[in-house]
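The lines below spell out each chain.
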Amino acid sequence: MFTLFAEAAAEPAYQSGLAYFRWLHNVLPAPFFHTQAFLAFFALVLMVYWTIPRRWQMTRIWVLVVASFHFYAAWSFELAFLVTATTVADYLFGRAMGATERPRLRRLLLFASIGMNLGILCYFKYRGFFLNELYEGLRRIGVEPGYEKLNPLAIFVPFGISFYTFEAISYAVDVYRRKIAPEKSLPRFLLFILFFPHLVAGPIVRAGDFLTQTRRAKRWNWLRVQVGVQLFLIGAFKKMAIADRMALFCDPVFKNPEAYNSVAVWFAVLAYAVRIYCDFSGYSDMALGAAHLLGYKLTNNFNMPYLALNVSDFWRRWHISLSTWLRDYVFIPLGGSRGSRWLNYRNLLLTMAIGGLWHGAAWGYILWGVAHGLMLVAHKQFKDYCEPRPRLTAFLESYVGIVLRVYVTFFCMSLCWVLFQPDLSKALAVFEKLFHLQRGMGLPLSNRSLWYTVLFLFGCQWLVRSGVWAKVYPRLPAPVLGTGYALCLCAALVLAPDSGTTFIYFQF
Amino acid sequence: MLTVTAPSRLTRLRLRVVAVVRAPRALPSRRSRRRAAVVALAGGLVVAVALQLATAWAIRSERLPLRDPLYSDKLALLRARPGFAPTVADPPPLRLLFLGSSRTRDGIDAGAAGRDLARRLARPVEAFNFAQPGGGPVTTAVYLRRLLVDGVRPDAVVIEVHPALIGACEESLEAQWVHPARLRPEEMPLVRELGFPDRAVEAHGPRGRWLALSAYRLPLVDRYAPALSVVPYPVGARQASDEFGHSRCRTVTDAERAKLTELTRKQYADLMPGYAPCARGLAGIRDALETCRRANVRAAVLLSPESSAFRGWYPEPGRSQIGPMVADLAGAFGAPVFDARAWLPDDLIGDGHHLTGPGADAFTARLSAHALAPWLAKGAP
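Residue numbers (the working numbering), protein chains in the order written: chain A, 1 to 508; chain B, 1 to 381.
Hints are computed from structural coordinates only; laboratory data are not their basis.
Covered by chain A, per the in silico footprint, the following chain B stretches (three or more residues, Cβ under 8 Å):
hint, region
1, 40–52
2, 202–216
3, 226–232
Because the structure is a prediction, the values reported are computed rather than measured.
Backbone N, C-alpha and C fix where the C-beta goes; we use that ideal spot for every residue, glycine too.
Required output: the full structure, derived from the provided sequences and hints.
Right, dumping it as C-alpha cells:
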C-alpha cells in the first residue's frame, strides 16, 4: 500500500489528474440520462445532496456544482475546465458591469462577454464550416487557399456548447439591460451554467428564473419527487421505446437514401419526425424530472408541437426555451414586428436562419431555419388573406379545418426535418426520392410497428390536449398511478431496441 | 357517472368521455396528497421490481419460453407428436430426430420421411426435424444434451455437419449466429470447450435477474406483442415450420437464385479463402456423437446438399479434406456418413445450400430410400 502511495505521489500532478478523469470516463462514459451509469451517479448525488442539512444551503450548491463538473468531466475533463473557466469569466464580467455606471464601459464589458462566448462557440462549432466554405470559394475563383480542407466529422464539438453559450449571453444582456442584478455568489452562478440536468442539451434557462431558485432553501417534498419521477419515466419511455425504435426506420435511409425506394423514404421521413420529437422532448422531460428531484424547476421545452395548428403555433410549442430566447435576444432587438411588413419578414427570416445555424454548422441546418422563416412569412400572409374572409376563417375553425391544419402543419414540419442534417446532398437525395417515385430496397422492418407508434403518440397527445387527461389524472388512485409508473418503466425497457442511440440534440 | 366535455377548441370534435371514477367532493389536503405520492412511488417501485423478478424467475425456470424461443417452440412441437409424447403407443414407434442447421430444417420433410420409412420398415416411425437456423456443431451438441435432459428419448439421430462451420477454427462462425443469451448458464463451460469465445453473458448475470425485461426484450416483444416488433418475421420457430419441424422454402427463379447465391457467397466470403476443416471445428459433432453413444442412441452423420457453385467456393486442399475427416470421426463412433453434397441438381437449391420445396421433396425421398431405411433396418431395436 505504501509503495502505491509513494508511486502516486511521485507522479506529476497533471498525470494523476488525468488518471482520475480516465477512471471517471470509464465509470460514466457518456452524459446520457437513460444509462445505468447515469442513474447510479444521480442516485449518489441525490443521496449526498439531501443528506446535507437544509441550513447548509451553500454546501448543497457546492455539491451540485462539483457533481455537475464531474458529469461533464467524465466525458472530457479539458472541456469541463474550459466551461468552468468561461463561466467564471462571465461571472466577473457580470460583476464588473454591476459595479460601474459608465455606459460605455458597461457596453464594452457586454461585448467582451458576448465576444468571448461567441468566439469559443465559433472556434469549436463554426470554424470548420467557415474555413471549408472559404476554401471552396477561393478554389472556385482560382486562388490557392494555403491550407488543407478540414474534415467536418473530425472536428471536436463539445456537448451542449450552444446551450450554455446562449445561457451565458442572455445573462450578460439581462445584466446590461438591468433586468437582473449581477449575481454576487460564484457558486450560485456556476450552478446556473453547469447544473447537470440542463448542461448538455437544455432547456436554455434564464438567469432570472434559475438564480432566484438557488436562493430558496430546498425541502424534501414527496409531491415534487413524484412529479420528478413521473417526468423522468415519461422521458425515458419517449427516448427508449419510441425515439430509438424510430431510429431503426430512419437512420439507414437517411445515411444512404439512394439505395431505398420511395415508400421506404416516406416512412423514414415520418419516423424521423417522430424520432426527433421523442428524442429531444424525452431528454427535456428527463432533465426536468432530474431537476425536480433536486428541488429545481426548469422551463418546459415542449407542448405537443405536432398538434400545432400552424407554423407559428408550432414554434410556440417546439423547443420553447430556444424560440423564446431567439425572440427576446434576436428578433426583438432586430426590430421585431415593428416597422413595415417587409422589415418584419426580414427579421423573421434572419431570426430563423440564426436559429438554424445555432443547430449546426452546415447548409442543411441553415436552410432548415430559412425554410421555417419562409413558412412563418407565408403563414402571416395567409392570416392576412383570411382576415377579411369570414367563410374561410369559419371553415378553418371547423372540425375538418382544424384536423386539416394540424395535418398540413405536421406534413410541412416533417418535410423540413429532411434538411435537418449536416450533409445537404443526402437531404436533396431524400427529396428526390420523395417526389420522384423510384425503385430500390425496402426497409427490412415491420411497418406495422411504425404505424402503431405514430398512433400511440398522437393518441396520447390528443388525450392531453383535449383536457381529458387533466380531468382523469387527479382522480387516479395512488396504487393505480404507481402501477402505471412501473408499467411505463417496464415498457421502456422492453421496447428499447438493441442498438440504443445517442441524443440528437447533444451535438448542438 | 360524470360526463366530461373538455374545454379546448379541439374538443369541438364532440369528444365526450365518460369517466367511471367519482368526482372528489373537495380538493384533498396536502397531507393526503403527500401520502398518495408516497404510495404511488413506493407502489411503483415494488411493482417494477416484482415484475422484473417474476419475469426473471419465469424465464430461468423455463416457465416462460423466452430464453431460447427457437428451442422451446420446437420442443413444444416435438412433444405434440404422438411418438415423442410422454405416454407413447404400444408398440412404440421408431423415433428419429434430425439435428443441424437451417439446411436440414429446410431440406428434410420429416413428416414425409417418417411415412416413407414406416412403409419401408413395416413399423411405425415418428420422425422429427429439430434443426435450427444458425445451428452448427456446438448448437447440435447443446441441443442434444438438452433434449435428453428434457426427457426426449430418440432411437436414432441424424446429425448434420455443415462443412463451412467445421472450418472456422479460430473464431466460430456459429457463435455469431447463436446469441449466448439463448444458452443456459450451466452450458457455458461446454460451449467454451467446444469453440465458442469466452464472452460474459449479461442475461446470465445480475442483469438477467434484476433487469430481465430488458435482457429478454426481443423474445418478449416477439412473442407477446408482435405488433410492436420491428422485426418483420417471428423469432420463434412455431410459425416458421410445420408440425414435424420442417420449413418449406418456395421455388425460386433463375434470376433470384443468382441473387441469393451471391448473398450467400458474401456471407461466407471471410471464411472461404483460408478454409480447412479442423478438429476444433468438429468438436461439437464429436460431443454429440459421444452423447449418443452414452445414451445408447444410434447416430448417423449427414453432409447436406450444396450447389456446384457453393462446393466450388471451398479452396483445395480443404475441400478434399472434408469427407475423410468427417468419415474418420463418424467411424470412431460406428456412425454412417450420408454424403449428400452432390445429390441434387442446382435448380433444386435456392441460394447455394438451402433447398427449395421441390428440392426438399426430392432430397427427403432419396435420403429415406437410400440412406435412412437401410441404416435403420440394419439394427432395428
